[in-house]
Amino acid sequence: METMIAVEGARKYYRVAKRGKGLTAAVGQLFNRKYEIKKAVDDISFSIKRGEIVGFIGPNGAGKSTTIKMLSGILYPDAGRVEADGFIPYKQRKQYVKNIGVVFGQKSQLNWDLPLIESFELMKFIYRIPREQYEKNLRQFCELLDMESFLGQPVRQLSLGQRMRGDIVAALLHSPELVFLDEPTIGLDVVAKEKIREFIRYMNKERNTTIIFTTHDMQDIEKVCNRLIIIDKGKKIYDGSIEEIKDRYTNVKTIEVLLENGGKETETFDVRRTSVNAVLERIFAERRVKDISVCEPEIDEIIRDIYEGRLRLDAPSAEGGAL
Amino acid sequence: MRAYLEIAVRKFQDKMAYRLDFFMGIVNTAITIVVYLCIYRALYAGASEVDGITYRMVATNFVITLGLSNAFGYNEMFLQDKVHDGSITNEFLKPVSFTLRLLAENVGEGAFKLIFHFLPALLFTLLHTRLCPPKSALHLLAMLGSVALGYLILWLLSFIIQTWSFWLFSVWGIITIKNVLVSILAGTLLPMWFMPAALRRVIACTPFESIYFTPVRIYLGELDGAQLLSGVAVQTAWIAVLGLAAWIFWRRGVKKLVVQGG
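Protein chains in written order, with my numbering: chain A, 1 to 323; chain B, 1 to 262.
Keep in mind that the hints were calculated from the coordinates and are not lab data. Positions of the beta carbon are idealized from the N, C-alpha and C atoms, including for glycine. Just so you know, not all the hints are guaranteed correct.
Examples of chain A residues lying across from chain B (beta carbon under 10 Å, computed) [claimed, not checked]:
#1 K91
#2 Q95
#3 K124
All chains should be modelled from the sequences, with the hints used to inform the complete structure.
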């Protein structure tokens with residue numbers, strides 16, 4: 001498959017003014033300001049093929065948005081190479097942006113006071129979308145996202161979920177081949193989230209759109225992405241499938257036992273060190289068991305442990321004892 | 001080109017969404033004009049002319065300059081707000097020029113206010129005050145063209161200062177100073193005719209005279225023939241100079257842009 005995005009050794013450092021505490025420091029920094037270097041993105045490399053859906057995750061401030069901004073051409077990398085769709089985004093921005101779509105979940109691009117449909121119409125002119133294509137896309141997207149009922153309403157009166165759907169449609173009307181979604185499900189309810197996920201999957205499957213999206217919701221990743229990139233402190237710490245990450249940690253099991261007297265007990269262990277037999281025998285010998293269930297760690301828990309540094313991805317044999 | 005026209009049209013529609021704002025705009029423009037006319041009627045105290053300038057000329061000057069300056073106002077904190085909250089970057093994700101887009105929006109808003117604030121206020125003024133007619137239909141036409149050039153000068157002045165928000169934390173103070181300067185030096189407080197000669201010579205070297213006063217003089221026929229053309233030429237020259245400055249500041253600002261947050 002053709003490469004859509006190639007990032008090599010990309011780096012972005014910010015210079016932030018350092019502030020001390022108290023009045024003296026506040027006065028002092030008027031004259032002698034000290035700066036601190038914040039490494040937002042620190043030597044990241046990856047490549048993405050046409051037609052992939054890649055989820056970017058990482059704790060707040062990990063460098064996800066900075067990476068997206070470099071990829072969408074609105075931020076110069078300090079070092080390294082960034083290429084997307086055959087362009088160097090930050091150098092050929094005007095050409096490049098014609099063929100991409102971007103949604104920032106936290107910042108709407110819609111016209112606040114006008115009916116939603118007016119913002120869509122404007123996209124037609126901005127991207128010079130042929131009438132036929134525009135109408136076909138609009139009809140199809142509206143149907144998929146169930147938006148007919150509020151097309152005529154001013155954006156300021158829409159609910160967050162409706163507005164987000166509007167933002168996504170506005171960014172995709174010109175049929176871009178590469179789409180960046182920065183937290184497109186933030187703050188939405190389960191139903192709205194599911195709609196958006198379905199839509200993303202559809203765009204990828206039916207139109208072979210390459211999609212990159214960031215989220216804090218692991219459900220998004222599990223249901224939509226076929227690949228996961230985890231970034232932390234400006235560095236890439238994982239790049240691979242979700243199954244792989246799960247496989248690495250499914251050695252850790254939790255057995256939950258419901259006792260006959262109504263009590264509940266859990267036992268977490270690593271199957272490579274403790275045999276399942278031994279654990280079960282011990283439980284059965286000591287307790288009167290009413291019900292038993294074996295749980296594998298949820299992806300949420302795994303990710304949390306990765307963020308908190310309790311799991312290390314570079315060592316597949318790491319012990320998941322923390323669970 | 002079509003995209004910018006559509007942007008302007010949408011801003012025009014946008015403004016119609018708020019009914020109270022719509023009516024208050026008319027009242028505001030009408031009151032400003034009436035207050036100034038009352039002051040100057042008192043100052044004239046029955047005299048037919050002062051320094052060769054009739055009360056009617058003064059009234060005409062105020063209706064045009066105050067009406068236009070009310071119509072030409074817009075949110076000058078726009079760029080600063082966008083730079084501060086980081087949403088300026090969203091603007092770069094569309095295949096349109098941000099500068100032209102901003103101009104189109106401001107023009108759309110200006111057109112709305114001209115039609116729905118200025119015209120009703122003008123009609124209201126005509127009920128109680130007699131104004132000078134344009135010297136000829138041709139002068140009126142030339143004046144309208146000159147108003148458009150004046151608008152561009154005003155817009156560029158504002159835009160240049162707005163671009164400074166890439167470097168400064170707040171440009172609000174500078175914008176306020178600029179607006180005070182414009183209202184004094186462009187003749188919206190005191191008609192240009194009554195300025196001390198020395199000051200007028202200074203103003204003649206600045207873009208301020210070209211904003212409202214050139215259109216007023218064309219309308220009244222004070223600028224005619226070669227003078228009219230040179231007045232328009234001066235306006236055009238200022239647009240070129242300010243446009244170049246705006247372009248330089250904008251380019252440098254964008255280059256420096258480091259998005260906050262994220």
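Take the shortest C-beta to C-beta distance between K124/A and chain B; is it under 10 Å? holds, 8 Å
Less than 10 Å between beta-carbons is the criterion; does K91/A satisfy it with respect to chain B? Given a least distance of 12 Å, the restraint on K91/A is violated.
Any CB of chain B closer than 10 Å to the CB of Q95/A? Nearest chain B Cβ about 8 Å off; hint holds.
Of the numbered hints listed earlier, the single one contradicted by the structure is hint 1.
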